[in-house]
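Chemist: I would like the entire structure built from these sequences, with the hints used as guidance.
Going line by line, the protein sequences match chains A and B.
FYI, in my numbering the residues of the first sequence are 1 to 175.
FYI, in my numbering the residues of the second sequence are 1001 to 1128.
Be a bit skeptical, because a hint or two may be false.
Among chain A residues calculated to face chain B with C-beta under 7 Å, some are [claimed, not checked]:
(1) 78
(2) 79
(3) 81
(4) 84
(5) 107
(6) 109
(7) 111
(8) 112
(9) 144
(10) 147
(11) 148
(12) 151
Just so you know, these hints were derived from the structure itself, not from any lab.
Bear in mind the structure is a predicted one, so any value in this text is a computation, not a measurement.
Backbone N, C-alpha and C fix where the C-beta goes; we use that ideal spot for every residue, glycine too.
These are the residues of each chain, in order.
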Amino acid sequence: MSIPMPTSNRKLVRLALLVSVGLILYIFEAHIPQPLPWVRIGLANLVTLLALILWGFWEAMAVLLLRVLLGSVFTGTILSPIFPFALAGGLAGVLIMGLAWSYLCPPLSVVGVSILGALAHNVSQLILAYGLYIRRNELFLLLPPIVLSSLLTGCVIGLIVALVTDRGAIRSWQT
Amino acid sequence: MAGRWIKRLPLSRGDKVLIVLLLLLGVVSLFLVRSIVPSGDVAVVEVDGRLCCRLDLSVDAQRAVRGPLGETVVEVRGGRIRIAESPCPHKICVRTGWIGRSGRMIVCLPNRVVVRVEGEAGVDAVSW
Chain A
1 MSIPMPTSNR KLVRLALLVS VGLILYIFEA HIPQPLPWVR IGLANLVTLL
51 ALILWGFWEA MAVLLLRVLL GSVFTGTILS PIFPFALAGG LAGVLIMGLA
101 WSYLCPPLSV VGVSILGALA HNVSQLILAY GLYIRRNELF LLLPPIVLSS
151 LLTGCVIGLI VALVTDRGAI RSWQT
Chain B
1001 MAGRWIKRLP LSRGDKVLIV LLLLLGVVSL FLVRSIVPSG DVAVVEVDGR
1051 LCCRLDLSVD AQRAVRGPLG ETVVEVRGGR IRIAESPCPH KICVRTGWIG
1101 RSGRMIVCLP NRVVVRVEGE AGVDAVSW
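Modeler: What follows is the structure, encoded as structure tokens:
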């Protein structure tokens, strides 16, 4: 299996644009106060989901990897204990969203895909925390609030993406 | 009015099923966890995986522990414990607030501090 290179300059620019928008959202979100310590909206997931819908899995993966890498450089969390969490969460999210988009998408819509992605993101981070730092079963007491918050944030992101792809000029980007 | 608004949302039937399922799962497990776990009586404070001290939750106290970033202050009051001060950048541990039930924990990754509540018939009896 080979990763397809962007087929045109136009697509390359659009992918880069999505990465930069994702970066802005990521950095913006790092600066707004969080109402609850463990809940983040995951605004940057918007661009991953958009890339997935417009082009496909590998494009979404590329956008995600670049965004996570550059995002942690710009927020200064690269090589810190936070970085593996950002990476693992992102990878799990894009993987699950890719699978859901390919195989579950008549029953689900973008919103469902987004919810599953948020869930995968948060659960994978919890598992990583268990494996890497805190080897205690009690950690999984966090699962119920994580499920609920993923539901909420996944819904928000999914609805935004649904509206953007439904109304926005971004639909013509596909070609 | 509200009905029409919901109808206009771009949700498929599958989405609604997923949302309801996860909502049920989340809320039910939230209450299950709450009711299963009794309130604890000892708090264990660990720094970088090593036991730092055990605090009796029935005795109000304040204690400072040293992590890689500096001093984290834990406070016991009224059978509960919290991290009152921390040198970490995001203060997630401080905003976690008070914990008192057995198995609950406050984690500060930057300063490697874990505060865990333990009880007589604690979570030790539950296998996952």
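Chemist: Of the numbered hints stated earlier in the document, which are not met by this structure?
Modeler: Numbers 1, 2 and 4, in rising order.
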